[in-house]
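Peer 1: Here are the chains, one letter per residue:
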Amino acid sequence: EADIYQTPRYLVIGTGKKITLECSQTMGHDKMYWYQQDPGMELHLIHYSYGVNSTEKGDLSSESTVSRIRTEHFPLTLESARPSHTSQYLCASSKSEMDRVFGSGTQLSVL
Amino acid sequence: SQQGEEDPQALSIQEGENATMNCSYKTSINNLQWYRQNSGRGLVHLILIRSNEREKHSGRLRVTLDTSKKSSSLLITASRAADTASYFCATSNSNSGYALNFGKGTSLLVTP
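Chains as they are written, first to last, in my numbering: chain A, 1 to 111; chain B, 1 to 112.
These aren't lab readings, by the way, just hints derived from the structure by calculation.
Treat each hint with caution, since some may be false.
List time: in silico DSS-like cross-link candidates among lysine-lysine, alpha-carbon distance up to 30 angstroms [to be verified]:
#1 A:K31 x A:K57
#2 A:K57 x B:K70
#3 A:K31 x B:K56
Between the sequences and the hints, there should be enough to build the whole structure, so can you do that?
Peer 2: This is the structure:
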């Protein structure tokens with residue numbers, strides 16, 4: 001059972017709204033990641049963090065922002081949601097290359 | 001940037017048969033990992049093979065790695081209906097740190 005939690009599980013929201021996707025892990029992992037995945041497609045890394053106060057952009061350009069104020073918490077924020085942001089967002093954490101753990105994901109739909 | 005490419009995109013087999021999925025990648029890697037994803041869920045790590053390894057086993061899983069061809073294969077033996085899922089390969093290299101580059105995945109359907 002994974003000790004990484006994402007909320008909400010599903011989110012349907014109107015265009016222009018500000019949203020925050022939550023991700024928390026209880027494993028004390030230093031490294032955390034956000035991936036974006038469209039149906040039937042590969043995962044694209046959009047943000048990652050190697051520790052508190054460390055955030056980096058991933059390979060896929062994203063209008064979202066992240067913060068890492070606490071080790072266990074890595075929220076992702078969209079200031080103004082658009083239909084093009086509709087996707088599944090997966091959070092993951094790891095201590096090393098071996099033990100990457102994924103959350104169940106947040107399915108975001110922007111109308 | 002996309003690194004891994006799985007082949008085939010979709011595979012349908014019957015229980016008891018073996019399933020083979022392939023992954024090709026473009027640049028040098030430190031290791032290659034295989035993940036499984038049930039529909040609408042997160043990914044579960046299956047197995048990791050390092051660039052200096054050629055074959056690895058874990059239960060009914062067998063992974064091979066050919067760095068000269070930049071390819072890997074995942075074999076699931078004696079498949080079960082519960083193996084139905086999407087399978088992704090992911091690579092990491094010295095430039096990506098611990099960040100992984102995922103392929104598009106192979107969708108496996110195992111019918112009773």
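Peer 1: Run every hint past the structure and note whether it holds.
Peer 2: Do the hints match the structure? See the list:
no.: 1; hint: A:K31 x A:K57; result: 14 angstroms, holds
no.: 2; hint: A:K57 x B:K70; result: 27 angstroms, holds
no.: 3; hint: A:K31 x B:K56; result: 26 angstroms, holds
When held up to the earlier numbered hints, the structure conflicts with none and fits them all.
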